[in-house]
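> So you can see what is in the structure, the chains are spelled out below.
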Amino acid sequence: MNPSRRKALKAGGSLGLFSALVAMGLVKPGDAWAEAWSKGVFDAKGVPEALAALGASAPTMVGDIVITAPDIAENGAVVPVGAVSKLPGTTQIAYLIEKNPNTVTAVFDIPAGTLPEVQTRVKMGQTSNVMVLVKADGKYFAAQKEIKVTVGGCGG
Amino acid sequence: MADPMKIRATLQGDTVEVRVLMAHNMETGARKDSSGTPIPAHFIQTVNATHNGKVVFAAQWGTAIAKNPFLQFKFKGGAKGDKLQLSWTDNKNASRTDEATIG
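These protein sequence lines are chains A and B, in that order.
Residue numbering for the first sequence follows the working numbering, starting at 1 and increasing by one per position.
Residue numbering for the second sequence follows the working numbering, starting at 1001 and increasing by one per position.
Just so you know, the hints here were simulated from the structure itself, not pulled from any lab data.
A portion of the hints provided could be inaccurate.
[Said to hold, decoys possible] In silico DSS-like pairs for lysine-lysine, Cα to Cα no more than 27 Å straight-line:
#1 B/1067 / A/148
#2 A/99 / A/39
#3 A/39 / B/1054
#4 B/1067 / B/1032
#5 B/1054 / A/45
#6 A/39 / B/1092
#7 A/45 / A/99
#8 B/1076 / A/139
#9 B/1032 / B/1092
#10 A/86 / B/1092
Bound conformation, chain B alone (with noise of 0.2 Å):
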């Protein structure tokens, strides 16, 4: 399974701002390693965050997204002690779900 994602949710007045550093490598298929062999493509295509079984951001994603993908969004309705979910799929069907708790 890939590495943990890094979450901090933070409320602020009465938005979380949530911030994610997400473990990928998110390779375009384009590069080619040192014997000339291409690289695969392999990279997060779907991202959903939810809270209260709500989904409060979700993401379609290309090759694109810079490796180890960070993603900024903020939402309106949580609680300090609520837990958010941050879950990814990529296109080897591989998925990570991680959980954090808005401080």
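Okay, chain A solo, but in the shape it has when bound (with noise of 0.2 Å):
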């Protein structure tokens, strides 16, 4: 096998092909390029495991992510999370669900020229913090907060 192609898929286990071509050179952040999907990062349990499979694995916490969410989820099924994160050159915001069986529950990629904010309904299983978790200038930082579920949302 044609060792780049090799090194390239050995990469692409832990980042995800498309990040792994991208640090190959092979194609460009900008290209449309389908967005390749990171098994190890859903798959991921807990905090800890989720950042280390996201390649984040201190971030900072800091005021300036900001939350906008329940304190008390109505119904765990349909649960609005926004988030808007005030660091400059921010590239990418994931939804990190403490208690959730699989922590990670999104990835949005900011390219340059899109505002560095999302709004999604997630599902949660039970009260559980929330942690919103930004790159920013290659760096990471986070904020959480806690949202108490009533009726559970994943089908359990």
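Reassemble the complex: the two chains are provided individually, in unrelated frames, and hints are given to aid placement.
What follows is the structure, encoded as structure tokens:
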């Protein structure tokens, strides 16, 4: 096998194929390339394992990440969670729900020209901390908020 | 093919606000049907939005995004009348692309 292809595939296991190809210089980040899906990130259980899978082991907790979400979720199957990063150079926002069976819920990529904010709706199995992780200027930052859940949303 | 996405892209000042509602069951794989058989995981894994050939937003999702996913994001550089493409791919390799006009 072509050695650079082997390297790309090997790197792809941990980074996700698209990121590995960018690292290899084979694909430019701005290419209209379908986002690859990182299995290791979405299999991670618990915040430390999730952060390690994301390559973000010691994020700095900051107030510059604003989480908009209810204190108490009426319905754990549909919890609105919004995030705004005020950190310059934000390139990625991720949602981690500590007590969910798989901790990482979403990873959003913010290309240049896109505002560092997002809103979506998540499922929560039980009351849990929700951490919003931000990658800005190559470094990791985070904020978290506890959301209480009375009726769990994972179907268990 | 899955039902179409509902996409609303509106220019507010110099910023395009995009709101999307996707039709997808987002099964976690943890549910069981009435006879106790597990319902397999079936969920959108990747989402991409492009404008003028450039990716303006991308996401990787796990099973804990709520059923019929809602997504809102904002980007600069769009003009009224421009087209915005939204696509998603799920874990069974099904996909859907829809287009909206920025208004």
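> Which of the numbered hints above does this structure break?
Of the numbered hints given earlier, those the structure breaks are 5 and 10, listed in rising order.
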